[in-house]
Amino acid sequence: MTEEIKVTCLHDRHVAQGALMSPFAGYDMPIQYVDITTEHNAVRHKVGVFDVSHMGEVEITGPDAAKFTNYIFTNDINAIKAGQILYGMMLYPDGGTVDDLLVYRVDDNDYFLVINAANIDKDVAWIMEQAKNFDVKVDHQSELYGQIAVQGPEAEKTMGAVLGIDTTDLTFYTFKKLEYDGKTIIVSRTGYTGEDGFEVYADPAIICKMWDMLMEAGVQACGLGCRDTLRFEAGLPLYGDELTPEISPIAATFGMFVKLDKEGGFIGRDACAQQKAEGTPKKLVGLELEGKAIPRHGYEVLDGENVVGYITTGYHSISLDKSVAFALVDRAVGALGNTLSVRIRKKVFPATVVKKRFYTPNYKK
Amino acid sequence: MSKIIDGLYYSESHEYVKVEGDFGFIGITDYAQHELGNVVYVDMPEVDDEVTAGEDFGAVESVKAASDLMSPVSGTVVEVNEALEDEPGLINKDAFENWIIKVQLSDKSELDNLMDAAAYKAMIGE
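Protein chains in written order, with the numbering used here: chain A, 1 to 365; chain B, 1 to 126.
Some hints here could point you the wrong way.
[Said to hold, decoys possible] Far from chain B, by Cβ distances over 10 Å, these chain A residues were calculated:
hint, residue
1, Y27
2, N109
3, T184
4, G225
5, R231
6, A293
7, R343
[As the list claims (entries may be wrong)] Computed list of lysine-lysine pairs in BS3-like fashion (alpha-carbon distance at most 27 Å, straight line):
hint, chain 1, residue 1, chain 2, residue 2
8, B, K93, A, K322
9, A, K322, A, K346
10, A, K347, B, K102
11, B, K18, B, K3
[To be verified] Label pairs and their in silico Cβ distance ranges:
hint, chain 1, residue 1, chain 2, residue 2, range
12, B, E50, A, K322, 26 to 34 Å
13, A, D94, B, S13, 40 to 48 Å
14, A, K364, B, E35, 33 to 41 Å
15, A, F172, B, K93, 35 to 43 Å
16, A, Y363, B, G89, 27 to 35 Å
17, B, E12, A, T171, 49 to 57 Å
18, A, R357, B, E87, 23 to 31 Å
19, A, K364, B, V47, 50 to 58 Å
20, A, Y363, B, D116, 53 to 61 Å
21, B, E55, A, D12, 40 to 48 Å
22, B, K93, A, G265, 55 to 63 Å
23, A, R343, B, V19, 32 to 40 Å
24, B, D116, A, G304, 33 to 41 Å
25, A, G337, B, E35, 36 to 44 Å
No lab work stands behind these hints, which were simulated from the structure alone.
The beta carbon of each residue, even a glycine, is placed where N, CA and C say it ideally should be.
Working from the sequences, and respecting the hints, build out all of it.
See below:
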C-alpha cells in the first residue's frame with residue numbers, strides 16, 4: 001500500500017505552469033520551472049519565489065510556553081524579544097537531531113515553531129510527548145497555512161511593489177503579524193538561500209492570490225532544485241543530509257546554535273556537552289575538489305586508501321563554478337587545509353578541506 | 001517531440017550507436033538529454049579503455065543528478081569527445097551531433113540486440 005501523496009495549495013498552479021514535479025517529504029512538489037541554474041541565478045541576482053507550503057507549523061501557548069519551548073530547543077529563547085526569531089534544533093537525549101527549526105517569539109507565552117515537512121508527524125508526536133509535564137497547549141497548525149518565500153536582493157522591493165507589504169521595518173530574523181484581506185498573516189525576514197528575503201505564512205487562499213500577483217509581475221518561480229543549491233552554497237544544513245538522528249549539531253559543527261549554559265537546560269544538553277568536551281568521532285567539513293567532477297550524496301571520502309567518511313551534499317556550485325561538498329569525516333582528518341580525496345564512480349579526485357560556507361550570505365542585519 | 005534519427009541503433013537506457021565501418025559513435029539520445037535537463041558534466045573513459053555491452057562507461061550529469069552511461073556495445077575506446085570537457089551543454093544543443101565516445105567494435109553481432117529508430121520511437125511513446 002502506498003501512502004497518498006499530499007499537495008500544497010499552489011499545486012494546480014505548478015502543474016499549469018509546466019513545472020517538473022516530484023515527490024518530496026510526502027508532497028508532490030515543483031523541482032524546477034525552467035531550469036535550476038536560471039532559478040538559482042534569479043535568487044542570487046534579482047528575486048525569486050518558492051512554494052514552501054509543505055513546511056509544518058506548531059504553536060505553543062500557555063503559562064509554561066517559554067520554559068517548555070526552551071526545554072525542547074537548543075537555542076535560547078530568552079535571548080530574544082517578541083517579534084524576533086531563532087534558528088536551532090530539537091534533540092534526542094543522546095544528542096541526535098529530531099529536527100532543525102525556527103522559533104518565532106510571538107509573546108512571552110506564545111511561540112510559533114516552523115518544522116521540516118518530512119518530520120511533521122514525528123515532530124508533533126515528539127513535542128506532545130515532551131509536553132506532558134508542562135502547562136502548555138501544543139497546537140499543530142500546518143493545515144491552516146500556505147507559505148511562500150520571496151528571496152533575493154530585490155525581495156524587499158518586490159514585497160512592497162507587488163504584494164503591497166512594507167517590510168522596511170523588518171531586520172534579519174524578525175517578523176510581524178499584519179492584516180491582509182481581512183485575515184492575520186505572518187511576514188518574516190528569513191529564508192534558506194543565503195540572500196535577503198522574506199517568508200509569508202497565510203491562509204491558503206491568500207497565498208494563492210500572492211503567487212498569482214508575483215507571477216503577473218514577472219517574478220521567477222523557483223523549485224526545490226535551486227532551493228537546495230542555494231542553501232548548500234550558503235553553508236546551511238538540510239535535515240536528512242547534514243543533521244539526522246545520528247548526526248548531532250555538534251558533529252555537524254552547528255554548535256553556535258546549541259546553548260549549553262542556558263537556564264533550565266534542554267533535551268540532549270548533557271550529550272552535547274560531552275561531545276563538545278571530547279570531540280565527536282566524525283565531523284562535518286567543507287570540501288573543494290579539483291576538476292569538474294561532481295561529488296554526490298553518499299560518495300566515499302578517502303584519506304589515502306582508507307575510507308574516512310562520505311559526502312552529505314555536493315554540487316558543481318553554480319555561483320562559484322567549482323565542485324564543492326559537505327562531508328562527514330573522521331575528526332582526525334577534518335582539519336582545514338588537509339588533503340583528502342573523493343571516489344566518483346571509478347575515479348578518485350583530490351579534495352581540500354575548506355570552510356563550509358562557500359558563498360557569503362547577503363543578509364540585511 | 002524528440003528527434004530520432006533513422007539508421008542508428010538504440011538501447012533501452014537511451015544511448016545510441018552510429019556505426020561507421022568497424023567503429024561506433026556512442027552518445028545519448030535527444031529524448032535522454034531532454035529528460036536529464038542541462039548537462040553540466042560528462043564523465044568519460046580514456047582512450048584505450050575497454051567498454052562492455054550493458055556495463056557503465058561513465059556518466060552524464062545535470063545540476064541535480066548523475067545518470068550512468070551504459071555501453072550498448074563492446075569494444076575499445078579510440079576517441080573521446082574532448083569538446084564536452086569544456087562545453088558539456090553541447091549535448092543539449094544536439095545530442096546526435098555530439099557523440100561521447102568512439103569505439104572500435106569487438107563484436108558487431110551485438111548490434112542485433114539493439115533497437116532501430118522505429119522500435120525506439122515506440123518505446124519512448126512518440
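For the pair supplied as a hint, A/K347 and B/K102, confirm whether the alpha-carbon distance does not exceed 27 Å. 20 Å, holds
Given hint A/K346 paired with A/K322 - CA-CA distance at most 27 Å: 20 Å, holds
Is the hinted range of 36 to 44 Å satisfied by the C-beta distance from A/G337 to B/E35? The hinted range 36 to 44 Å holds for A/G337 and B/E35, with Cβ atoms some 40 Å apart.
Does the Cβ-Cβ separation between A/K364 and B/V47 fall within 50 to 58 Å? For A/K364 and B/V47 the Cβ distance comes to about 53 Å; the hint holds.
At the C-beta level, are B/D116 and A/G304 separated by a distance inside 33 to 41 Å? 49 Å Cβ-Cβ, so the 33 to 41 Å window is violated.
Range hint 53 to 61 Å (beta carbons of A/Y363 and B/D116) holds or violated: Since the Cβ atoms of A/Y363 and B/D116 sit about 57 Å apart, the hinted range of 53 to 61 Å holds.
Mind checking the alpha carbons of B/K93 and A/K322 for me, to see if they're no more than 27 Å apart? 23 Å, holds
A range of 40 to 48 Å was offered for this pair. Does it hold for the Cβ distance of A/D94 and B/S13? With a Cβ separation near 44 Å, A/D94 and B/S13 satisfy 40 to 48 Å, so the hint holds.
I want to verify a distance hint. Is the separation of the beta carbons of B/E50 and A/K322 within 26 to 34 Å? 32 Å, holds
Please test the hint of 49 to 57 Å on the beta carbon pair from B/E12 and A/T171. Given range 49 to 57 Å: holds, Cβ gap about 56 Å.
Would A/A293 pass as off the interface with chain B, using Cβ distances and a cut of 10 Å? A/A293 not clear of chain B: closest Cβ-Cβ about 6 Å, inside 10 Å.
Can you let me know if the beta-carbon spacing of B/E55 and A/D12 is within 40 to 48 Å? Given range 40 to 48 Å: holds, Cβ gap about 44 Å.
Violation of the numbered hints given earlier is confined to hints 4, 6 and 24; the remaining hints are satisfied by the structure.
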